[in-house]
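J.: Here the structure of chain A is known, so what remains is to put chain B in place on it, guided by the hints.
Sequences listed follow chains A and B, in order. Here the first sequence is numbered in our numbering, starting from 1 and rising by one per residue. Here the second sequence is numbered in our numbering, starting from 508 and rising by one per residue.
Please keep in mind that the hints were generated in silico from the structure rather than gathered at the bench. Just so we're clear, the structure is a prediction, and the values are computed from it rather than from any experiment. From the three backbone atoms N, C-alpha and C, an ideal C-beta is built for every residue, glycine too.
Rough simulated footprint, nothing fancy, chain B against chain A, three-plus residues with beta-carbon under 8 Å:
1) 340–351
2) 354–361
3) 365–378
From chain B, some residues computed to sit far from chain A (all C-beta separations above 12 Å):
4) F543
5) I562
6) A666
7) I673
8) N719
9) R721
10) V731
11) L853
12) V855
13) R876
Calculated lysine-lysine pairs in the DSBU-like style (CA-CA distance at most 35 Å, straight line):
14) K224/A <-> K173/A
15) K246/A <-> K200/A
16) K485/A <-> K247/A
17) K872/B <-> K58/A
18) K771/B <-> K259/A
19) K872/B <-> K53/A
20) K771/B <-> K331/A
21) K771/B <-> K477/A
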Amino acid sequence: MQLELRGITKRFPGVTANDNVNLTLKTGEVLCLIGENGAGKSTLMNVLYGMYKPDEGKIVLDGESVVFTSPADAIAAGIGMVHQHFMLVPVFTVAENVVLGVEPTGQFGSLDIDKAREMVREVSDRYNLNLDPDAIIEDLPVGVQQRVEIVKVLLRDAKVVVFDEPTAVLTPKEILEFFEIVKTLIAAGRGVVFITHKLKEALNVADRIAVLRRGQVVGEVDPKTASESQIAEMMVGRPVRLIVDKKPHAPGEVVLEVKDLSVVDADGRTMVDHVSFNVRAGEVVGIAGVQGNGQTELVDALTGLRNSTRGSVALDRQDITSASPRVRHAKGIAHIPEDRQRQGLVGGLSVAENLVLTRYHDEEFSNGIIMDWPAAHRAAENLIAEYDVRTPSPDVEASTLSGGNQQKVIVARELSRPLRLSIAAQPTRGVDVGSIEYIHSRIIKERDAGTAVLIVSTELDEVMALSDRLLVMYGGKIVADLDPKVTSAMDVGLYMAGSRPASTVNA
Amino acid sequence: MKIVVTLRKIAERIARTSSFRLTLLAVLSAMVVGAFIIIFSDINKLQNGDILGAIKTVGSAYWALVVGSFGSLRAISATINSATPLILCGVSVAVAFKAGLFNIGATGQMLAGGMAALWVGFAMDGPGFVQVPLAVLAGALGGAAYGAIPGILKARTGAHEVITTIMLNNMAGFLVLWLLKTNLYQREDRTDPISKLVTAPGHLPRLFGFMNDRPDLVAHAGFVVALLAVIVYSWFLNRSTTGFEFRAFGMNADAAQYAGMHTKRLTVMAMMFAGAFAGLAGSAEVLGTYGYASQNFAGNIGYDAIAIALLGRSTPLGTLFAALLFGALQAGGRQMQANTDVPIDLIVMLRALIVMFIAAPLLIKAIWRIKVEPTSLGQAFRGQGS
Chain A
1 MQLELRGITK RFPGVTANDN VNLTLKTGEV LCLIGENGAG KSTLMNVLYG
51 MYKPDEGKIV LDGESVVFTS PADAIAAGIG MVHQHFMLVP VFTVAENVVL
101 GVEPTGQFGS LDIDKAREMV REVSDRYNLN LDPDAIIEDL PVGVQQRVEI
151 VKVLLRDAKV VVFDEPTAVL TPKEILEFFE IVKTLIAAGR GVVFITHKLK
201 EALNVADRIA VLRRGQVVGE VDPKTASESQ IAEMMVGRPV RLIVDKKPHA
251 PGEVVLEVKD LSVVDADGRT MVDHVSFNVR AGEVVGIAGV QGNGQTELVD
301 ALTGLRNSTR GSVALDRQDI TSASPRVRHA KGIAHIPEDR QRQGLVGGLS
351 VAENLVLTRY HDEEFSNGII MDWPAAHRAA ENLIAEYDVR TPSPDVEAST
401 LSGGNQQKVI VARELSRPLR LSIAAQPTRG VDVGSIEYIH SRIIKERDAG
451 TAVLIVSTEL DEVMALSDRL LVMYGGKIVA DLDPKVTSAM DVGLYMAGSR
501 PASTVNA
Chain B
508 MKIVVTLRKI AERIARTSSF RLTLLAVLSA MVVGAFIIIF SDINKLQNGD
558 ILGAIKTVGS AYWALVVGSF GSLRAISATI NSATPLILCG VSVAVAFKAG
608 LFNIGATGQM LAGGMAALWV GFAMDGPGFV QVPLAVLAGA LGGAAYGAIP
658 GILKARTGAH EVITTIMLNN MAGFLVLWLL KTNLYQREDR TDPISKLVTA
708 PGHLPRLFGF MNDRPDLVAH AGFVVALLAV IVYSWFLNRS TTGFEFRAFG
758 MNADAAQYAG MHTKRLTVMA MMFAGAFAGL AGSAEVLGTY GYASQNFAGN
808 IGYDAIAIAL LGRSTPLGTL FAALLFGALQ AGGRQMQANT DVPIDLIVML
858 RALIVMFIAA PLLIKAIWRI KVEPTSLGQA FRGQGS
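Isolated chain A, as found in the complex:
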């Protein structure tokens, strides 16, 4: 099967999301669609999947022009889509979810669940997906849930499977497993379209890479010959520095001292288990680890959002174990939270209002009762200019900004005051290449100004590049304290997986 998008143009009021896009999808190969957030990747795939009607252009299937008015048409034509946010019923079993909408029925139209199980088992075996048809969705890890989505698509006989940012929610190990599945699909003669903004993944898995920028395909590259920086430049439209520039660090006095800290989650499980470490002034300490190994709870405890069950936290030798978030903020702790939509921003408030979200009570912006909005506005305009936040005005709702710009709003707010300690969790998750470069340089600048910096990230490359000292968290414990300059990514990966490298030097 060969599917062509010819001259697709899709306009929204004020924006041309896709501008005369030509693209060919074939079975038996992986096409990677790469571009920054807002480049028009998702819009293009929604056009292909029958969710949007293109304003211009047509879709050609095996030489014949077709019109998709709904996803049902696209599915019938052999196109399957695995969305970034899964469409699964959490309390149903794998088999029940997979057959939802195409249920095999027995007598009197009753659901033939045995048949459904059989169907899941069959597809699962053929593609090596390793799925238990009777498992309940909500008990399964995200990576397995994604495989359920894949089975759904395969059972509906998709010849080309579109994955929208499939790795955004996966752990490094799950990502590797996912790539294996992609290879199996290709071997079985299906086609894969892989939407991403991550360069490494594109180079890793694609047969062809199409780069999208501002709604246009700016070029196709061959992953065998292309380099990361070449693609990054095509995505952003200017040369991008992919490595972090930094001078050797000059650590000063201990700023943050964590002693024997334990934290439990809402269900009473110990998530942080007797953790001790410290962070010095002018030093970046990175915490690497697979998502869910206690990093979230550790950060919550350090920022006052969650109580610890034992141990102590001290800032500049003052105990702050039970201080409120506001007190910690006042003592010069900045917090860039891991989930900017949920915690870091109020989407419905304006950019200016978000820029003072943690500081509105400061003398600069209020007298305690009345807000000084003109002052907040002036500060917002300065920050927008200084941190290069791309927004039409400080008064637009923060939710209308792209992910990278939303993150810049948070970074601007948190780092634009005198600090002692800066805690950044997943500072560049879901952020485009251009903004990553900027946010990294800001964090290093903060370090050079003598702030203690703690970075928590599941992106191994990111923590390796930023950190002066690297801690690895596994199962709630700190299992390694490494020097990133002399440690290989492979070794750190082994610690993250809970094992020890054979050549243990400095553990």
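T.: Coordinates of chain B only, in the frame set by chain A:
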């Protein structure tokens, strides 16, 4: 046909510009459906094939609505009188909405505030410039105290305010009934639950009191209190630090906590503010409209207020206009019932229809054939990854 096309174009432009216009379309749609209800309820004319006559009934009913609500000084006074407690209770629900809380308890808070204001109203005997403000203030405090209960319950135990406020409404109703039977409140010569009369200086002054020959113009200074409340609400929301906290908390409670706001305190405060506004409504009714309290002086106002806050999208001006609209419908409805055979129940239907259409913006857009871009529009710009 050309007219239809033109109308549609206008409607299209309207809907694209703002949700305010969408609200107008909802009102318009409700009127259209209401017209059909009037036509079909007039069985006699329909049976005689007198379609024109039925349509005329619609015309005269709606005309009576307009005349009865704004057609004369008396009508305007009646509209103002109906709207006053609606504005105050509307603001009560709206301020809680802004903090992410559903205040179903305006009725109970209104009763609590009204009873507090009433006590000052009959226990004191002037001077008016002291007694009236004191009584109004007592009303606000009474409402705030009663509103604090669900706030504290939510902050301390997590009990959902929808459940607790509904329960507290029932409790307030019976509390009032009991109070009205005590020596403190019950009128000396009565055995039924009815309160003592507010002393003459304790009444909220009549707005048209300067017109000595027009005792029928019943609108009172409670309306001024209501307008001031809207101004205070607007200022509070947009200028005060606490108002900013309310908005942030209402839109994203996690972010509010992250930002170091005291979310439990905000919960209690929001319910207290809501209670204070509803309490003002209670004092306006007791000190202005009735001059005493009977068992059910809150009526349905606290529940209508939910629709009003929804209709006004909880903004200060929106809530004001929505309450004025409801007040006008109520005042005009009486005239309509008198002039035509259309019962005042139509008003209840119209309000329900308005709320229904407001709650279903896509329905409105479909009815008026307005082209809508998908709701995931913003997301489409940003891509799924953001």
